[in-house]
Amino acid sequence: MAYVILLLLLIGVVWLVSAPLRHAAATPSNERGWEPMQRLDLEAARDAKYREIRDAELDHQTGKLSEADYEAIDSTLRAEAIELLHQLDAIAEEREPGEDEARDAR
Amino acid sequence: MAQLGRAILLLDLGVCIYGIFASIRGARTRRGDWVDSGRRAVYALAGLSVVAFVVLELAFLRNDFSFKVVASTSSTTIPVFYKLTAPWSSQQGSLLLWVTLSSLWSSLALFLTRRRLRDIAPYAAAVLLAMEGFFAALACFAANPFQTTPPAQTPSNGAGLDPLLMHPSMMFHPPMLYSGYTLMAIPFAFAVGALITGKLGSEWIRDTRKFALAAWLCLGFGIVLGARWSYTELGWGGYWGWDAVEDAALMPWLITTAFIHSIQIQEKRGMLKVWNVSLVLLSGTLAIFGTFLVRSGVLDSIHAFGASTLGVPFVILLGIMFIGSVGLVIWRRDGLRTEHRIDSLLSREAMFVLQNLVLVAMTFVIFWITLFPLISEAITGTKVSVGPPAFTPFVVPLALILVLLAGVGPLISWRRATVANLRRHFIFPVAFGVVVTILVLALTDAGRKPLAAAMFGLGAFVIGTVSQEFFRGTAARRATTGDVWPIALFGLVRRNRRRYGGYTAHLGLAVMLIGVAASSSFQHSRNATLRPGQSVSNDGYVFHYVRPTAVATSERVSFGAIIDVTKHGKQVTRLHTMQSFYPSTNGADGFIGRFFDSANADSTIGLDSGPLRDIWTVAAANLNPLLPLIAKGDKEFAGFYNSALKADRTHDPHIGAARLNTELNNQLDAFNLCGTKSAGLNFWQCRDRAVEGIVAQYLKRPYPVQFLLIVSPMVAWLWAGALIIVIGGLTSLIPASLFARRRSTSPERARVAVRELA
Numbered sequence: 001m002a003y004v005i006l007l008l009l010l011i012g013v014v015w016l017v018s019a020p021l022r023h024a025a026a027t028p029s030n031e032r033g034w035e036p037m038q039r040l041d042l043e044a045a046r047d048a049k050y051r052e053i054r055d056a057e058l059d060h061q062t063g064k065l066s067e068a069d070y071e072a073i074d075s076t077l078r079a080e081a082i083e084l085l086h087q088l089d090a091i092a093e094e095r096e097p098g099e100d101e102a103r104d105a106r
Numbered sequence: 001m002a003q004l005g006r007a008i009l010l011l012d013l014g015v016c017i018y019g020i021f022a023s024i025r026g027a028r029t030r031r032g033d034w035v036d037s038g039r040r041a042v043y044a045l046a047g048l049s050v051v052a053f054v055v056l057e058l059a060f061l062r063n064d065f066s067f068k069v070v071a072s073t074s075s076t077t078i079p080v081f082y083k084l085t086a087p088w089s090s091q092q093g094s095l096l097l098w099v100t101l102s103s104l105w106s107s108l109a110l111f112l113t114r115r116r117l118r119d120i121a122p123y124a125a126a127v128l129l130a131m132e133g134f135f136a137a138l139a140c141f142a143a144n145p146f147q148t149t150p151p152a153q154t155p156s157n158g159a160g161l162d163p164l165l166m167h168p169s170m171m172f173h174p175p176m177l178y179s180g181y182t183l184m185a186i187p188f189a190f191a192v193g194a195l196i197t198g199k200l201g202s203e204w205i206r207d208t209r210k211f212a213l214a215a216w217l218c219l220g221f222g223i224v225l226g227a228r229w230s231y232t233e234l235g236w237g238g239y240w241g242w243d244a245v246e247d248a249a250l251m252p253w254l255i256t257t258a259f260i261h262s263i264q265i266q267e268k269r270g271m272l273k274v275w276n277v278s279l280v281l282l283s284g285t286l287a288i289f290g291t292f293l294v295r296s297g298v299l300d301s302i303h304a305f306g307a308s309t310l311g312v313p314f315v316i317l318l319g320i321m322f323i324g325s326v327g328l329v330i331w332r333r334d335g336l337r338t339e340h341r342i343d344s345l346l347s348r349e350a351m352f353v354l355q356n357l358v359l360v361a362m363t364f365v366i367f368w369i370t371l372f373p374l375i376s377e378a379i380t381g382t383k384v385s386v387g388p389p390a391f392t393p394f395v396v397p398l399a400l401i402l403v404l405l406a407g408v409g410p411l412i413s414w415r416r417a418t419v420a421n422l423r424r425h426f427i428f429p430v431a432f433g434v435v436v437t438i439l440v441l442a443l444t445d446a447g448r449k450p451l452a453a454a455m456f457g458l459g460a461f462v463i464g465t466v467s468q469e470f471f472r473g474t475a476a477r478r479a480t481t482g483d484v485w486p487i488a489l490f491g492l493v494r495r496n497r498r499r500y501g502g503y504t505a506h507l508g509l510a511v512m513l514i515g516v517a518a519s520s521s522f523q524h525s526r527n528a529t530l531r532p533g534q535s536v537s538n539d540g541y542v543f544h545y546v547r548p549t550a551v552a553t554s555e556r557v558s559f560g561a562i563i564d565v566t567k568h569g570k571q572v573t574r575l576h577t578m579q580s581f582y583p584s585t586n587g588a589d590g591f592i593g594r595f596f597d598s599a600n601a602d603s604t605i606g607l608d609s610g611p612l613r614d615i616w617t618v619a620a621a622n623l624n625p626l627l628p629l630i631a632k633g634d635k636e637f638a639g640f641y642n643s644a645l646k647a648d649r650t651h652d653p654h655i656g657a658a659r660l661n662t663e664l665n666n667q668l669d670a671f672n673l674c675g676t677k678s679a680g681l682n683f684w685q686c687r688d689r690a691v692e693g694i695v696a697q698y699l700k701r702p703y704p705v706q707f708l709l710i711v712s713p714m715v716a717w718l719w720a721g722a723l724i725i726v727i728g729g730l731t732s733l734i735p736a737s738l739f740a741r742r743r744s745t746s747p748e749r750a751r752v753a754v755r756e757l758a
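For the record, the sequence lines run as chains Z and A.
Going by my numbering, 54 is the number at position 54 of the first sequence; the sequence numbering is gapless.
Going by my numbering, 295 is the number at position 295 of the second sequence; the sequence numbering is gapless.
The shape of chain Z in the complex, shown without the other chains (with noise of 0.2 Å):
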């Protein structure tokens, strides 16, 4: 039984780790699935931005910046957050319409 057992699982190890290996004459190895390591990091530092306007003007609603501080502050992070989304879409343009559709749907 602990044989038959053991068989199973290494024939399961063996066909779970090899699988992608055996697909990979059917699909482009080297692009498969990932996402752009830039527009990641860009869309990493948009939200991070996205959080920081949220909290000023959290800050500024419960009276921790006072107004001129705030409007400083709010039109800074929105200048940055602004570049930050044009960045964003320069990169998708530079991909095939409809692919981030298509990711996105995945």
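No wet-lab data here; the hints were simulated from the structure.
A hint or two may mislead.
Here are the simulated EDC-like cross-link-like pairs (lysine to aspartate or glutamate), alpha carbons at most 20 Å apart as the crow flies [to be verified]:
#	chain 1	residue 1	chain 2	residue 2
1	A	K199	A	D334
2	A	K570	A	D539
3	A	K632	A	D589
4	A	K210	Z	D41
5	A	K567	A	D608
6	A	K632	A	D602
7	A	K570	A	D608
8	A	K199	Z	D69
9	A	K646	A	D634
10	A	K449	A	D539
11	A	K210	Z	D47
12	A	K199	Z	D47
It should be emphasised that the depicted structure is a prediction, and the values quoted were computed from it without experimental measurement.
Assemble chain A onto chain Z, guided by the hints.
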């Protein structure tokens, strides 16, 4: 099935080696198929390890004493619940648990990043597999949980589980700690990957931050469960003894606390990259260091597995991790530089930096004092033991500063703050802290412990701060949305989970440290020896020893005491405490004496817990008056046994053993063992009767019993604070997608955002 387990462990090792090769090959050749294959090796490792662990659990449940680990840590008499937890009470089983948990968490991390972190993830997979391979190799070759004994030598029953480990916390405490340790390996591995590839942007931080937070949460919860076990099981009345293994878990937790704060500065401002990556590498290394302390036996600890041969492999691993980490940071120092500077010292980021310094200082102090016995031994040849008094003068002031910063941080905005705003925000929390301090000083005797009084004041300041933050935030949300208070509060927390999860954790920390300060500084402890009917007072409470209790079962013999606690003549509570003795397997303890072996005993405390005070009692059974009876029983039963043995030695040894068994299992008619009427009973039944008879003597005579009686204020605050911290951590961990109504595409998000931001 043991063969299956051993084969799986070897397969584990093979999968690790293959996965490392495939991941590195994939990363170097930029071949996605090899990278995928390497990642799948981690999934395979997780699956195999789970099967191996199930095989081990089944051996425990089936009482398969051919497994050495089952024979040494389980028995037929322990409850099923503890049979399930017994695997991790041993070095061998806990190594397998480590590999299983680590591979499961690694699989989750690599699955979530399977389409991201293209360059970093393969190296992270290789690092994770290398660490898991290390533990799998130890389980294979140094402490194999699937080692067996030949059938002829297989015992009919096991030695049993250490009584101290038969506690509900033991079901969750070790898996929680191990989850914390193994989760810390994930940010560590991704940090190594980021340093190797030079991709030091924000992406890897975003994807691994949640694992750092989960590690922090699991490790913290595990530490508190351990404290609870200590408080309710070890019979000394404390929950934290600055034990080496406790310290080993606390150090990576403190460093991770620093990291989950300072990482926000890197996310927002792109600053502190060297600092953050160093903290991640340090916490990963300290997690392995903690494991080294538990498993090597270099330092004495009640939590350690004792002396073992695993020290050297761990020292080598630690050396590689430490030197490799330092080397990588130095190599990538240019990529880790930042041009940004902190705008103002009156900003939240400045407070975070200060808090980080305090946490690192605290870790350094704990590290130094914990290792001091080893250092002193290396220099002077004498191992100096250190205890709580060595830690207190350093840790308490740092803890006070930490609590102060936990209150100040939330009151200051990011980037800059004006003095006028600060004044407005500080008024209520400071006033609250001052009023509480004055009340505490006026109404209690806290003045004799100034540091504890300061902790009350600072804790109240933090509670005031967090309350004010929640109130002002909810009010601001109400002003915007017009929602009623509860809806506005829910909406506020939902939109700002990290911020308000963090504030909740700060509240928990304050509550917890108030509990620690009160219970450690104002505890009233008294030792008393009482006979039934006698009383003694402690901190205004009168403890009356009503009567003894005694129970003998096949599992254990328990001697207890019923205590009535009164105050000003009114009954407060009735407590039952007992000490239980589990039969030892050492033949030298005697046929009767093995049931009364104090080395195989545990305590069940009598506890009345309330929000403002705990009444805690334990009794050490006084067996001295019973010793002559026990000795007499040992002598008589040994005499009978030896005479039967002698008679059977005249025959063939195998036949002799069978005859001896038959003789001992036959009904005895002609003997009167230890005053027990033996008619109709066999030798073993006679022995059980004799044990019951001795136990009954304990009830008949008013023997004096030694009690430890403790009245501790506010211990419950410690547990409540820990629970609040867990709630805060979980709030911060909730993914944004849980609240997302619809998933929008990247270009769509960008277009909407540009419109809104412009």
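Broken hints, by number: 6, 8
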